[in-house]
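There are 2 protein chains.
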Amino acid sequence: MRTIQVKTESAKYPVVVGSGLLSTLWRRLPKRNSIFVLTSPEIWALWSKYFLASFPKGNQPAVLFLPAGEQYKRLTYIEQLASQLASHHADRSSLLVAFGGGIIGDIGGFLAAIYMRGIDYIQIPSTLLAQVDSSVGGKTGANLASGKNLIGSFHHPLSVFADIDLLRTLPDRELRAGLFESLKAGVIRDARLFRFMERNAETILKRGNKALEYVISASIRMKADVVGIDEKESGLRMILNFGHTVGHAIEAAMHYRKLLHGEAVAWGMLAALQLGRMRGTISTTNANRVERTILDYGPLPHFKTTAQRLLDAASRDKKNRAGVRRFVLPQEIGNASVIENVTDTELIAAIDWMLSKVKES
Amino acid sequence: MRTIQVKTESAKYPVVVGSGLLSTLWRRLPKRNSIFVLTSPEIWALWSKYFLASFPKGNQPAVLFLPAGEQYKRLTYIEQLASQLASHHADRSSLLVAFGGGIIGDIGGFLAAIYMRGIDYIQIPSTLLAQVDSSVGGKTGANLASGKNLIGSFHHPLSVFADIDLLRTLPDRELRAGLFESLKAGVIRDARLFRFMERNAETILKRGNKALEYVISASIRMKADVVGIDEKESGLRMILNFGHTVGHAIEAAMHYRKLLHGEAVAWGMLAALQLGRMRGTISTTNANRVERTILDYGPLPHFKTTAQRLLDAASRDKKNRAGVRRFVLPQEIGNASVIENVTDTELIAAIDWMLSKVKES
Ligand SMILES: NC(=O)c1ccc[n+]([C@@H]2O[C@H](COP(=O)([O-])OP(=O)(O)OC[C@H]3O[C@@H](n4cnc5c(N)ncnc54)[C@H](O)[C@@H]3O)[C@@H](O)[C@H]2O)c1
Ligand SMILES: NC(=O)c1ccc[n+]([C@@H]2O[C@H](COP(=O)([O-])OP(=O)(O)OC[C@H]3O[C@@H](n4cnc5c(N)ncnc54)[C@H](O)[C@@H]3O)[C@@H](O)[C@H]2O)c1
Ligand SMILES: [Zn+2]
Ligand SMILES: [Zn+2]
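Top line first, the protein sequences correspond to chains A and B.
Using UniProt numbering, the first residue of the first sequence is number 1, and each one after it goes up by one.
Using UniProt numbering, the first residue of the second sequence is number 1, and each one after it goes up by one.
Because the hints were derived from the structure by calculation, they are not lab data.
Be a bit skeptical, because a hint or two may be false.
A pair counts as met if it fits within one copy or between any two copies, since identical chains are not told apart.
[To be verified] Only pairs whose alpha carbons sit at most 20 Å apart, straight line, appear in this in silico SDA-like list of lysine to any residue:
1. K258 to P299
2. K148 to S93
3. K49 to L21
4. K31 to P171
5. K31 to Q308
6. K12 to P171
7. K210 to R277
8. K206 to Q308
9. K232 to S93
10. K232 to G118
11. K148 to T76
12. K31 to V324
The following block holds chain A by itself, in its conformation from the complex (with noise of 0.2 Å):
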């Protein structure tokens, strides 16, 4: 067991990776009147026996469901959520526990953030993507029709609970794409954990135990220490960002479908990766290193686009501010920066040379 400690202007909370968890859960939660937990009825079938193993009788939380899929991210759902919070007389000092993946731990952030203009809330993330990522660092929201994540606020949870049991159930494509989370957290700012996941492809796919839990809570220190520095994203927090652009553009112009998030960060981290290669940022011999690692964490979908389609997709970034988009390249290994004078031609040839990668693969 590890526990980072998150520090951000705002907030301050362990993150506790390890085993066994949930079965020791009751005590280590705030004593309040009434917890509320947000989960989704696949993974309350898998695992509500372990969940409310250590609670005690007349004390079970009530229990709300969001069914799966990014359909449901939605403000229709949290407000149906709230009235749902609202019957049960939930009040300023309820507590509710977000219990899922990624999709579960936004919504339930979000949904914490806004009742009654905010009541406390912990994660406890089911994916590994939810893990390493999406359940530290305080983002919570929903998508609108015309885009991912449009609506959302900073609210940062009481603790988060990342229990690696949780993951056995996780089906192999899904512990894939959050891997490509960590490796990005290697590449961006942990050279060490990178060499680790290059070296131990086939233990940490094969879930050890031990691997897992040293590559969850390297990505998290690496995350909780960018977020520490930089907690509403106004510098170093874009870093986060590397592969999102062409990441984000490939999800949009699929329409958020064929591809795992994860998976299209992947594509999109070779895409930075060619940018780098180009600008020499980072040596050849680097770029594949990092390159032939991120296969190997693969396979990676196919799909089909065009070069202009994505270039048009990531000129569309949330990112953006002012019609400047920014773009994060690869500093070698373990190291990355900030730029916003990458051109359109640049780009097209960068997504150019990853079109052919996954003509390819």
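Fit chain B with the ligands to the given chain A structure using the hints.
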């Protein structure tokens, strides 16, 4: 023209009160690439010419509309407005100007709070209530079917411009309703404001510019002061709810019809005064002075309900935590305190006394 500085833990901004602010608006706004105005069709019909007068040609803001009425203060309209922002390519550097009464201010502030996890906004309150109360303090939000303001955020504006000229078109009843919040301000924390309102009811109700400017700026100063000490309502800020426990109960029992918010609060203040008389926290002389002054700003509309129904509604108040009911009592004039031990019997007695006044009126 007077400027009051609001200074809380998380924000610092000026509230400017005076005439002619609209006609000089453009130069008062921060320079941004894209500016959006949220208003209602009615207000825009009355005031757009003045609003737009100072904007250079080619720099006109985009205008978003929300129909007037409490039924539009809902998440589904927030979602529509957010989609409009997105389709107009609003980004994190865009500015939103909320131009209207408290509903526009609450929805506009909430929209700004959650669009892309927070953009800047400006309040231009156009009702007396919005000028003296809702535009200051950072509370924003929307209603649920099951209750008012159950959803929201704390999100402070960059600045507030309270242009007294706007009140020229305000219906008389809306003016009076807002003045009850100013009376509340006097009773709980500003004896001088109370005395001024006690002595100058006629001038104020005739909308004398100087009298209004004093009343509005004193009310704002009181609220700024309280919110500066207790931004998130963990203590002192609760005194702003003087008259509101019973006021909210009346509104809920009447399903938010028949009475305006300020009118319900006026009745609620009468009930709270009676409780103060019963508990001896205010002398009969002073209680009578306040009572008379409240009635001077009437007429207060009739309504029909029972004390029991109001007690039930009051017990569901959002301010209650873990079952404890909080109640604000006047401490003579210019002071108030929050108590937690008001019994049902006492509250019923005070409400019964108030209901007898309703019958008389
Ligand atoms: N807030 C942030 O900082 C942040 C960061 C990255 C991603 N996100 C968001 O996270 C979301 C994606 O999260 P995700 O990848 O966890 O997807 P997800 O929440 O959709 O979960 C993926 C699938 O796995 C299932 N599942 C979850 N846990 C399981 C378990 N233990 N066993 C078996 N099945 C399980 C879910 O039911 C779902 O079908 C996106 O909406 C994205 O925008 C947010
Ligand atoms: N955020 C806070 O701290 C806070 C505090 C108090 C009240 N509120 C909220 O404020 C809302 C009530 O605000 P309100 O009383 O301003 O009501 P409102 O916004 O409904 O406005 C009242 C009416 O006056 C009209 N109007 C507005 N300005 C006008 C003008 N200059 N000339 C002519 N007509 C005009 C409006 O179209 C509307 O019909 C409620 O939703 C309440 O919950 C919020
Ligand atoms: Zn990501
Ligand atoms: Zn009020």
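So, going through the hints one by one against the coordinates:
1. Taking CA atoms no more than 20 Å apart as the test, K258 paired with P299 passes inside one copy only; the shortest distance there is 13 Å, against 65 Å between copies.
2. Within a single copy, K148 and S93 get their C-alpha atoms only as close as 31 Å, which misses the 20 Å cut-off; across copies the closest is 18 Å, which meets it.
3. Proximity of K49 to L21 under the C-alpha cut-off of 20 Å is restricted to the intra-copy arrangement: shortest distance 13 Å within a copy versus 62 Å between copies.
4. In this assembly of identical chains, the alpha carbons of K31 and P171 never lie at most 20 Å apart, being 34 Å within a copy and 50 Å across copies at closest.
5. Within a single copy, K31 and Q308 get their C-alpha atoms no closer than 54 Å, and across copies no closer than 33 Å, so neither meets the 20 Å cut-off.
6. With identical chains, the CA atoms of K12 and P171 are never at most 20 Å apart, being 32 Å at best within one copy and 49 Å at best between copies.
7. When the C-alpha separation of K210 and R277 is checked against a cutoff of 20 Å, the pair qualifies neither within a copy, at 34 Å, nor between copies, at 69 Å.
8. Proximity of K206 to Q308 under the C-alpha cut-off of 20 Å is found in neither arrangement, the shortest distances being 38 Å within a copy and 64 Å between copies.
9. Proximity of K232 and S93 under a CA criterion of 20 Å is satisfied inter-copy only: 14 Å between copies versus 26 Å inside one chain copy.
10. Taking the shortest Cα distances, K232 and G118 sit within 20 Å of each other both inside one copy (18 Å) and across copies (10 Å).
11. For the identical chains of this complex, K148 and T76 are neighbours both inside a copy (15 Å) and across copies (17 Å), given an alpha-carbon limit of 20 Å.
12. In this assembly of identical chains, K31 and V324 lie within 20 Å of each other by CA distance solely across copies; the values are 17 Å between and 47 Å within a copy.
Of the numbered hints given earlier, the model fails hints 4, 5, 6, 7, 8; all others are met.
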